[in-house]
Amino acid sequence: MKNWNLRLKLGLVILSFFMILGFFFPLLYSGNVTEWSTYPTNLKPSMEHFLGTNSLGQDIFWLLCNSIRTSFLIGLFVAFFSTLIGILAGLVAGLKGGAVDRIVMLLADTFIVIPSLPILILIGSLTKGTASLFLIGGVLIAFNWPWPARQVRSMALTLRERDYISIARFSGESTIRILVKEIFPFVKDWSIGNFINTILVAISSESGLAVIGMSSNSKATLGTMIYWANQHQAMLGGKWVWIGSPVVAICLIFIGLFLLMTGQQQYSALRRGK
Amino acid sequence: MKFLKFLSSRLLTYIFVILLGMTIVFFVPRFMPSDPVESMLGQMMSKSSTMDAAAIEAMRKTLNENFGLEGTLGEQYFGYMKRVIFTQDFGPSLTMYPVPVKELIADSLPWTVCLLGISTVISWLIGNGIGLLAGIRKDKAYSKILEGIAICIYPIPYYIFALTLIMLFAYIFPVFPLSANFDVSGFTWENLKTVIWNSVLPALSLILTGTGWWVISMTTLSRNTNEEDFVAFARMKGLNERKVISRYVLPNTILPQITMLALQMGTIFNGSLITEILFNYPGLGSLIYRGILQADYNLIMGTITTSIFAVATATLVIDLLYPFIDPRVRYN
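Residue numbers (our numbering), protein chains in the order written: chain Y, 156 to 429; chain X, 613 to 944.
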């Protein structure tokens, strides 16, 4: 617990709260949360329905828990693969150099410039709101690997010139071993930060797509919850809990993720003795 | 020489972005499981019974062309690329037949460019201003408060801000119109006032979200630069604080922020698309949305291709500003 700063602690507390809501609570509920007319519509919050029910007859609390889980899973899936592909591509580009480097970087720069949302909207419109979350996740990976790739490449470029790497190479260490033992520790701290940030970006992109009805409308995610609430005029009808709960959840989760990311950076900077 | 190298690498990326973007837009429909042409035609005919027979025929033809169903794949691909690059022709809008998609885009693009351009510049200036202040006066209480606010604002996505602003200022305190209403023609002061009044909320949500990031990154950058030896030396030399900041700190912090702006264009554009849709603002985003709702495939293809063009061009323009500000790129 030494060196733990306020941001790290605060971020962890917020995220733990939502992780419990998202991964533990859904286990307690056996029904199908997205099924319509399970309960009477528009009930006020009570002991039976913590957040009441919506105009579709769904229990808002259980719907919210499941939405949080799906959104987290999308975020983790996209963040894991984007970071992995990004680190590998960046290391290869930085260490090999030459034509490989130029091609990888041209691809990375291209994907950074192309806006991802229009492409996702194109897919969403062709599948009419039934795109699988894996497909959406895959597209998000394609648009999110370039950031870690660029960063890791520039780290690899400076590392390549360090003496201890040359010594390892001349003493006959295999390339894989050099990568894992000598270079990865340098890239690790930054990659954790990038991983957390990509979770944020992925959840944000999916829910943005969902808000306009172009994601997987029948699945419960934080974005589709807002979409259905908007579709049924939750704001006009003053059903603030229905539309407000996913909005508040998204805000807090994102602030938690961001605090965790900056807190982790401060923590690792301290540990390095800066 | 250095400048030429800089220029050619940026132009290469620009061309590559457009080619790859268009290729993705061309090929994505082919990997979809259902036959999009017939399903779209069916969907459209079920929506409007009064559709012209000529319109349906023209639709099938352009749909087939767009999906590359006439001729070989290669022929269709190159045909599509040539058509779009040289004539910007996306065929007629299917639901507003025979108005060309190009015309609809030409009507809406200026709205997006204005809203996005103005709000991006404002948030960049405000964000960097606050960030510089918070970075240099890092021990002051207000710096910590400003940074804290930015940390809470930055991670919140555009559409949440848009929804919150709609909730607050259109429902709870009905100050601004619920959705933008631009029933104006011609330029008069009265019309300009209407346009501005209707643009306040969408612009505000774009500015608020945009500013957070610039504050955070500028705070870190200026704090680090402020601790560099050459800045300490300038202070010891007896230069006044204004000069130290404007001549020593600012030039070294503003350059990365310009690069960052170029890199962020895609993300900023994504945000503006959703904001436009939520506010019903008559720009490119709403046009894409209209295409989706009405299953107007030509309109969707046209607007999405235009989005990629627009973002790539904006990025190139920002990149080309760089040499004017950074002398190291201009001279050897």
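By construction, these hints were calculated from the structure, which means they are not laboratory data.
Be aware that a few hints might be false.
[To be verified] Computed list of lysine-lysine pairs in DSS-like fashion (alpha-carbon distance at most 25 angstroms, straight line):
no.: 1; chain 1: Y; residue 1: K164; chain 2: X; residue 2: K714
no.: 2; chain 1: X; residue 1: K617; chain 2: X; residue 2: K752
no.: 3; chain 1: X; residue 1: K673; chain 2: X; residue 2: K694
no.: 4; chain 1: Y; residue 1: K164; chain 2: X; residue 2: K756
no.: 5; chain 1: X; residue 1: K750; chain 2: Y; residue 2: K251
no.: 6; chain 1: X; residue 1: K694; chain 2: X; residue 2: K714
no.: 7; chain 1: Y; residue 1: K283; chain 2: X; residue 2: K805
no.: 8; chain 1: Y; residue 1: K343; chain 2: Y; residue 2: K251
no.: 9; chain 1: Y; residue 1: K164; chain 2: X; residue 2: K694
[As the list claims (entries may be wrong)] Computed Cβ-Cβ distance ranges for the label pairs, DEER-style:
no.: 10; chain 1: Y; residue 1: S192; chain 2: X; residue 2: K673; range: 38 to 46 angstroms
no.: 11; chain 1: X; residue 1: C764; chain 2: Y; residue 2: G393; range: 25 to 33 angstroms
no.: 12; chain 1: X; residue 1: P722; chain 2: Y; residue 2: I331; range: 51 to 59 angstroms
no.: 13; chain 1: X; residue 1: S621; chain 2: Y; residue 2: L243; range: 21 to 29 angstroms
Quick caveat, the model's predicted, so the values are computed rather than measured.
Ideal placement from N, C-alpha and C gives every residue a C-beta, glycine not left out.
Right, here's what the structure says about each hint:
Straight-line distance between C-alpha atoms of K164/Y and K714/X comes to about 53 angstroms, which puts the hinted pair past the 25 angstroms bound. Note on K617/X and K752/X: the hinted pairing is violated, with a Cα-Cα distance of about 44 angstroms set against a maximum of 25 angstroms. Distance hint between K673/X and K694/X is fulfilled; the C-alpha atoms sit about 18 angstroms from each other, no more than 25 angstroms. With a C-alpha separation of about 18 angstroms, the suggested pairing of K164/Y with K756/X holds against the 25 angstroms cut-off.
The suggested pairing of K750/X with K251/Y is violated, with an alpha-carbon distance near 41 angstroms, which exceeds 25 angstroms. For a cut-off of 25 angstroms, the pair hint linking K694/X to K714/X stands: about 15 angstroms separates their Cα positions. Of the supplied pair hints, the one linking K283/Y and K805/X is violated, its CA atoms being roughly 38 angstroms apart against a limit of 25 angstroms. Between K343/Y and K251/Y the CA atoms are separated by roughly 20 angstroms; this keeps the pair inside 25 angstroms, and the hint holds.
For the hint pairing K164/Y with K694/X, the CA-to-CA distance comes to about 56 angstroms; that exceeds 25 angstroms, so the pair is violated. Between S192/Y and K673/X the CB atoms are about 45 angstroms apart, so this pair conforms to the stated range of 38 to 46 angstroms. Look at C764/X against G393/Y: about 26 angstroms separates their beta carbons, and that is inside 25 to 33 angstroms. For the pair P722/X and I331/Y, the supplied restraint of 51 to 59 angstroms holds, since their beta-carbon distance comes to about 54 angstroms.
Checked against the hint of 21 to 29 angstroms, the pair S621/X and L243/Y passes, with Cβ atoms roughly 24 angstroms apart.
Figure legend: structure checked against the earlier numbered hints; hints not met, in rising order: 1, 2, 5, 7 and 9.
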